[in-house]
Structure formats: structure tokens, C-alpha cells
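Student: Could you put the whole structure together from the sequences, leaning on the hints where they help?
Just so you know, the protein sequences line up as chains A and B, in that order.
Each residue of the first sequence is one higher than the last, beginning at 1 in our numbering.
Each residue of the second sequence is one higher than the last, beginning at 1 in our numbering.
One or more hints might be untrue.
Pairs of lysine-lysine, DSSO-like flavour, derived with a Cα cap of 30 Å [to be verified]:
1. K223/B x K96/A
2. K160/A x K381/B
3. K381/B x K130/A
4. K102/A x K381/B
5. K102/A x K388/B
6. K130/A x K282/B
7. K160/A x K388/B
8. K91/A x K39/A
9. K388/B x K169/A
10. K171/A x K388/B
11. K235/B x K95/A
12. K160/A x K282/B
13. K95/B x K160/A
14. K102/A x K236/B
15. K282/B x K91/A
16. K223/B x K102/A
17. K74/B x K208/B
18. K95/B x K95/A
19. K156/A x K39/A
20. K171/A x K130/A
21. K95/B x K130/A
22. K39/A x K95/A
23. K96/A x K95/B
24. K156/A x K95/B
25. K74/B x K156/A
26. K223/B x K95/A
27. K130/A x K187/A
28. K235/B x K105/A
29. K95/A x K236/B
30. K130/A x K235/B
31. K91/A x K235/B
Derived from the structure by calculation, the hints contain no laboratory data.
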Amino acid sequence: VNIKALSLKTIPTLFVLSAIAITSPAVANGYRETGKTVKVAKSELTVTPPQDWNLLSVRLGKNAETWTLDGEQLNDVTFYGGIAIGNPLVKERNKKREPLPKVGKNMLLIEIPELLEGTYRAYRNIPVFKVTSTEPANFLGNEGVQFTYEYVDNDKLTRKGEARATLIKGKLYMATFDAPRLHYFDKGLEDYRALLETAVLP
Amino acid sequence: VKAIFCAGVGLLCSTFSPSPALATPAAAPPPYEGIYQPQGVDEIGLWREDDESERSLSNSPIVIRDEGLNTYLKGVLCEAVGFDRCGSARIYVIKEPTFNATMSPNGTMRVYSGMLLRMRSEAELAAILGHEFGHFENRHSLNQFKSHRSGTDLLSWAALLASMSPSYQSRSNFENLQISVYGNLYRYQRDQEREADLLGLGYLNSSKLRPQAASEVWQNLMKEIEASTSARGLKKPRFDRIAYTSSHPPQAERAGYLADLAIPEGATRDDGADRYRAEISKWIPEFLNDQILLNDFGASEYIINSLAETGWTADLWFARGELFRLRGNQRDYINASQFYREATILQSDMADAYRGLGLALMKTGERTDAQIALSKYLSLKPEATDAKMIGMMIPKEETE
Numbered sequence: 001v002n003i004k005a006l007s008l009k010t011i012p013t014l015f016v017l018s019a020i021a022i023t024s025p026a027v028a029n030g031y032r033e034t035g036k037t038v039k040v041a042k043s044e045l046t047v048t049p050p051q052d053w054n055l056l057s058v059r060l061g062k063n064a065e066t067w068t069l070d071g072e073q074l075n076d077v078t079f080y081g082g083i084a085i086g087n088p089l090v091k092e093r094n095k096k097r098e099p100l101p102k103v104g105k106n107m108l109l110i111e112i113p114e115l116l117e118g119t120y121r122a123y124r125n126i127p128v129f130k131v132t133s134t135e136p137a138n139f140l141g142n143e144g145v146q147f148t149y150e151y152v153d154n155d156k157l158t159r160k161g162e163a164r165a166t167l168i169k170g171k172l173y174m175a176t177f178d179a180p181r182l183h184y185f186d187k188g189l190e191d192y193r194a195l196l197e198t199a200v201l202p
Numbered sequence: 001v002k003a004i005f006c007a008g009v010g011l012l013c014s015t016f017s018p019s020p021a022l023a024t025p026a027a028a029p030p031p032y033e034g035i036y037q038p039q040g041v042d043e044i045g046l047w048r049e050d051d052e053s054e055r056s057l058s059n060s061p062i063v064i065r066d067e068g069l070n071t072y073l074k075g076v077l078c079e080a081v082g083f084d085r086c087g088s089a090r091i092y093v094i095k096e097p098t099f100n101a102t103m104s105p106n107g108t109m110r111v112y113s114g115m116l117l118r119m120r121s122e123a124e125l126a127a128i129l130g131h132e133f134g135h136f137e138n139r140h141s142l143n144q145f146k147s148h149r150s151g152t153d154l155l156s157w158a159a160l161l162a163s164m165s166p167s168y169q170s171r172s173n174f175e176n177l178q179i180s181v182y183g184n185l186y187r188y189q190r191d192q193e194r195e196a197d198l199l200g201l202g203y204l205n206s207s208k209l210r211p212q213a214a215s216e217v218w219q220n221l222m223k224e225i226e227a228s229t230s231a232r233g234l235k236k237p238r239f240d241r242i243a244y245t246s247s248h249p250p251q252a253e254r255a256g257y258l259a260d261l262a263i264p265e266g267a268t269r270d271d272g273a274d275r276y277r278a279e280i281s282k283w284i285p286e287f288l289n290d291q292i293l294l295n296d297f298g299a300s301e302y303i304i305n306s307l308a309e310t311g312w313t314a315d316l317w318f319a320r321g322e323l324f325r326l327r328g329n330q331r332d333y334i335n336a337s338q339f340y341r342e343a344t345i346l347q348s349d350m351a352d353a354y355r356g357l358g359l360a361l362m363k364t365g366e367r368t369d370a371q372i373a374l375s376k377y378l379s380l381k382p383e384a385t386d387a388k389m390i391g392m393m394i395p396k397e398e399t400e
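Tutor: See the structure below:
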């Protein structure tokens, strides 16, 4: 066997392999079509969008998924699908040095807004955050909580948010809608609520 | 190479050796030269950019625009650096729970709320403000900009020359040069911090405040960092090591030379701890809340305990209760309940303490007591934003 010939042959193969590695789908942003039921946030939770939405490929955590109409800075719907006890809402940057608040054992519904606030403050370095209302609400056919909040984001823009959450068998299911207080929150709120109405956990 | 390097970045080489000036008490600051205006294209450009950033800062939603607080801080700055000098700085209090303050070239001083939470006296505050003012007076931002420019200019030319003789040796020489230039830029920045510390202590020595407080700031910070790392189960930090990219001298070094820089006869001076506490106390609950929600148990516990050295207040007990309840171990709820109770003993109408107590008791299975606490919360704060939710946790007859 001619060693030189062999190595010359393998070089193109390596090139092809590396080209595949480079161009392999870096999971592009997705498209969520009207009326098609889809699973969200790697959980059993499904929604049937009443209008077209965009799915962002960036995932905050294993069980988190972000949808948007015009870009996440203008309207951001994030689903948290079945976060288990002992897990944070989003992936921790550093488990030891920058731990995030976790879903607790025997968590109360009223503690969910505190969990979201703590996550936003610690994970996104948001110094101004206020929960503006907390009310009982039904979610996925269960007793749940609906809350609203307001915060100053890192771009120094004030954003408002509305979230609905529930705990099923110890797992946390939540959907949040975040948008700039100026114009976009009011503009997108009904679209978010309409999407949320279709959420089902079989 | 070293000779060429030093010629190229002379500015950097002049500051190699640690200054002997840091071992004796700091001299009084030089006489005030009057209102300073930027000189030359670099400085004028830097100030112009900075004016722009100050304009957006002054409209920023994270600035605390409380007149009383701002007047007080300005007063402390003037007390520290002198009434002639202090007019050239504008203070902005930023709501951000970290220990920091910055000064930019045109005299914009940013003071972080987390710093105010950690200070224990006017003298400590004056030490920080004086240090920041020292950066301004010595025009550190400009010098740093220039040193970065000379350093990177040198590297650009060196990269060009190295590419002209593509040998292994020239590549390796270039890489060595790169490491030493970057290392010296960081070292230069640390020396600027030392210089600002020296000048800051100069101000403090000439003021009416106790200069020894400057060193105590760093001693407290080291204790806090230790508390934070030990609660997180991390290795004990080393406070005497300088990392390659450190922007500041290590805390132990600063604590050491700041103590030496303070004039001994200043030790008996007033440090204004009572005045400071009186001014800041109304902000403590809010700043503590911001700190607690950072999820740094050790540091928060250290801060609460050190604030409580002068006596526990209802606000401090409440904050401690929240801290333990939010950590959420089963044993934490028991401690939290006790802390909330202490808060309600000192202040019987503290609605949020009853809320915390109720939620903590729910967790430990003491449902009846929990419901009593929660209905007390609702009766004290019927318009609470979570009133409906809390109401669901109480049986009907209790809410009536």
C-alpha cells in the first residue's frame, strides 16, 4: 500500500466531513403556522397558534422556548414546560458561582412570581423589577396564578410582562409575555393571550 | 526588544516599581487649580463622548433621583475632597446591587446602590468618593486611553514587521511582545488605582473624617467575599494574588497600604456613622431586597449581620426572614418564621412580615398559624397586589 497515496485520498474526505460539520443545521429559527398543533418547550404541552408565530432557536434552558412576532425585543413569549423540582427556569451560567433560584419542593403558587423575579434579577442582572399584580387564574385546566410585572431591561428600556403559571405533579408550567411598556406591550398582549388560550397539557 | 518596547510605551515603563509613597501617610492634595477644561484633541473628544453618555444617563430609569439622598452624597463628597473641588463632579445614584462606583473623564460620578448598602459610615463613603474623585483629578481615563493606544499601535507595527519575516522565531517574539504589552496595560490600570487610592487618602487626611475607615472598607469586603464563597461551597479566595488581567490591586494589598496612608492622629476623628445611618436607613429595605434577590446567600447574610451590629431593626429582621425563606430549605423556614416574628415584635403593623411569616409557616405545615398571619397581612394591607391570591389560602370565615 502506498502510504502517500492513501493520505492524499483521505484529505478530501476530511474536507467533506468538516464541511458537513460546519454547514450542519445550526437549528435555524422556526416558523409556527396557523392552526397546526405543536409541542412546546420539549414537554407534553401543546399549543395551536391562531396566527403565524416565529420560534427562536436560542433556548434559555432545556425546557424553555421563545416565540415572537416581530423579534424578542418587541414581543417575547417564553414557555417553560414542566420544570422539575430542583431545577432553575433557565440554564445556569455557572452552577457553583452563579446559582439561580430553583423550583422548590411543595412550592406554593404564590412563590412563582418570586421565582421569576429572582431569575430575572440574578440571571439577567436586572436591578429594577416589580411584580405589579398577582391573581388566581386557571391554566392548563388547573389552579394557577396570573401575574404582571414591570422592569428595566439591560437596554435601559422599561418592559412590562404578564405571566400565567401552574404546578402539575410538582412540575412548573409557565408562559410569559414580555414587551416594551411603550406601545408594544399593549399591541401584542391580545395575540399572546389568544395563543395562550390554545395551550393544552394532555 | 524591551528597550524598544519601553521607548514605544514609555508611559507604561515608568510605573513598573511599586511606589514607596504608599508606605507613609498620604500628603495633602495639591492646591486646587480651578475649573478644568479639556486640552487637546484626545481629551476634548473623550469629554464630548462622555457628555453624550451623561445626557442619556440623566434620563435613565435606573437612576435614583431622590433630592435628599443626592444632596447628602454631594455634601459628603465636598466634605472629603474640599468645597472648592467638589463642584466639578456630578453624582448619579444607580440602582444596581453591586459594590461599585465609577468616575468618568468629564466629572460624572456613578454611585451604585449596592455600595451605599455596604458603607457603614460617612468616612467609609468619603474614602470611596475621594478615590473616584482622584481618578478625575489625575485624568486617569485620558492617560489610560493614551496608553492603550500606544500599546496597540506598537503591537500593530510589530505584527506587520513579524509578518515580513515569517520565521518561527519572529512569530514567537511577537507573541512574547503581545503578552508583555497586554500585561503592562493591566498593570498600568492597577497603578492608576493605587494612585487614586493615594490621592483619595490625601483628601481624607485633610478632611474632618477618620481616614482609617478607608482600609476598613476593604477588610469588610474581604469578609463578605469569604462569606459568599463559603456559603456556596467554593474554595477560600486568595486576596493577595494579582491575576494577569486584574483591573484593581488585590483587596488585601489595598487594605494594607490604605491603613499605612492614613495619618495616625486622624484615628480619633468622628467617622459620621450615626449621620450616615440616619440618612440611608430609609433606603435600606429597598437596597437589601435588591441584594437578597441576587441569590447570594453568604454575602446577603454578612451584610444583614453587619448592619445589625448597631442593633436589630424590624427591617433587618424582615430582610433576614426573606433571605432564609427564599433559600427554601426546610430548616430555613423555621428560622425565617422566627425572624419574621422578631420583626413583628419590633413593628406590629409590618404587613409584609406577616405575609412572610404566613408563607413560611405554610411550608412547615403549621396551617392554622399561617392562616392567622396571612389574614393579619390582608387586614393591614387590603390593597396588596397579591391580596386575591393570599385570600385563596385562607378559609372564608377567617377573611370576613
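Student: Against this structure, judge whether each hint is valid.
Tutor: Right, here's what the structure says about each hint:
The suggested pairing of K223/B with K96/A holds, with an alpha-carbon distance near 19 Å, which does not exceed 30 Å. Annotation: proposed proximity of K160/A to K381/B holds, straight-line Cα distance about 24 Å (limit 30 Å). Taking the CA atoms of K381/B and K130/A, the gap is about 17 Å. The hint holds against a cut of 30 Å. Distance check on the hinted pair: K102/A and K381/B sit about 29 Å apart at the alpha-carbon level, within 30 Å; holds.
Restraint check: the Cα-Cα separation between K102/A and K388/B comes to about 25 Å, which is no more than 30 Å; the hinted pair holds. With a C-alpha separation of about 19 Å, the suggested pairing of K130/A with K282/B holds against the 30 Å cut-off. With a C-alpha separation of about 21 Å, the suggested pairing of K160/A with K388/B holds against the 30 Å cut-off. A C-alpha spacing of about 20 Å is found between K91/A and K39/A, which places the hinted pair at or below 30 Å, so the restraint holds.
Restraint check for K388/B and K169/A: satisfied, since their Cα atoms lie roughly 24 Å apart, inside the 30 Å limit. The straight-line distance between the Cα atoms of K171/A and K388/B is roughly 23 Å, inside the 30 Å bound, and the hint therefore holds. In summary, the hint linking K235/B to K95/A is supported, as the alpha carbons are separated by about 14 Å, within the 30 Å threshold. In summary, the hint linking K160/A to K282/B is supported, as the alpha carbons are separated by about 27 Å, within the 30 Å threshold.
The straight-line distance between the Cα atoms of K95/B and K160/A is roughly 18 Å, inside the 30 Å bound, and the hint therefore holds. A hinted pair counts as satisfied when its Cα atoms are at most 30 Å apart, and K102/A with K236/B qualifies at roughly 25 Å. This hinted pair does not check out: K282/B and K91/A have alpha carbons roughly 36 Å apart, beyond 30 Å. Restraint check for K223/B and K102/A: satisfied, since their Cα atoms lie roughly 27 Å apart, inside the 30 Å limit.
For the hint pairing K74/B with K208/B, the CA-to-CA distance comes to about 16 Å; that is within 30 Å, so the pair holds. Our distance criterion of 30 Å between C-alpha atoms is met by K95/B and K95/A, whose separation comes to about 26 Å. Our distance criterion of 30 Å between C-alpha atoms is broken by K156/A and K39/A, whose separation comes to about 34 Å. Distance check on the hinted pair: K171/A and K130/A sit about 25 Å apart at the alpha-carbon level, within 30 Å; holds.
Restraint check: the Cα-Cα separation between K95/B and K130/A comes to about 13 Å, which is no more than 30 Å; the hinted pair holds. For the proposed pair K39/A and K95/A, the alpha carbon gap of about 28 Å is at most 30 Å, so the pair holds. Taking the CA atoms of K96/A and K95/B, the gap is about 26 Å. The hint holds against a cut of 30 Å. Under the criterion of a C-alpha separation no larger than 30 Å, the hint pairing K156/A with K95/B is consistent with the structure, at around 12 Å.
Between K74/B and K156/A the alpha-carbon distance is near 25 Å, which keeps this suggested pair within the 30 Å criterion. Distance restraint check for K223/B and K95/A: the Cα-Cα separation of roughly 22 Å lies within the 30 Å cut-off, and the hinted pair is therefore satisfied. Distance check on the hinted pair: K130/A and K187/A sit about 21 Å apart at the alpha-carbon level, within 30 Å; holds. Between the alpha carbons of K235/B and K105/A the distance comes to roughly 29 Å, so the proposed pair stays at or under 30 Å and holds.
A threshold of 30 Å between alpha carbons decides the hint, and for K95/A with K236/B the separation of about 17 Å falls inside it, so the pair holds. A threshold of 30 Å between alpha carbons decides the hint, and for K130/A with K235/B the separation of about 35 Å lies outside it, so the pair is violated. Between K91/A and K235/B, the direct Cα distance comes to roughly 23 Å. Compliance with the 30 Å bound is thereby established for this hinted pair.
Of the numbered hints stated above, those contradicted by the structure are hints 15, 19 and 30, listed in ascending order.
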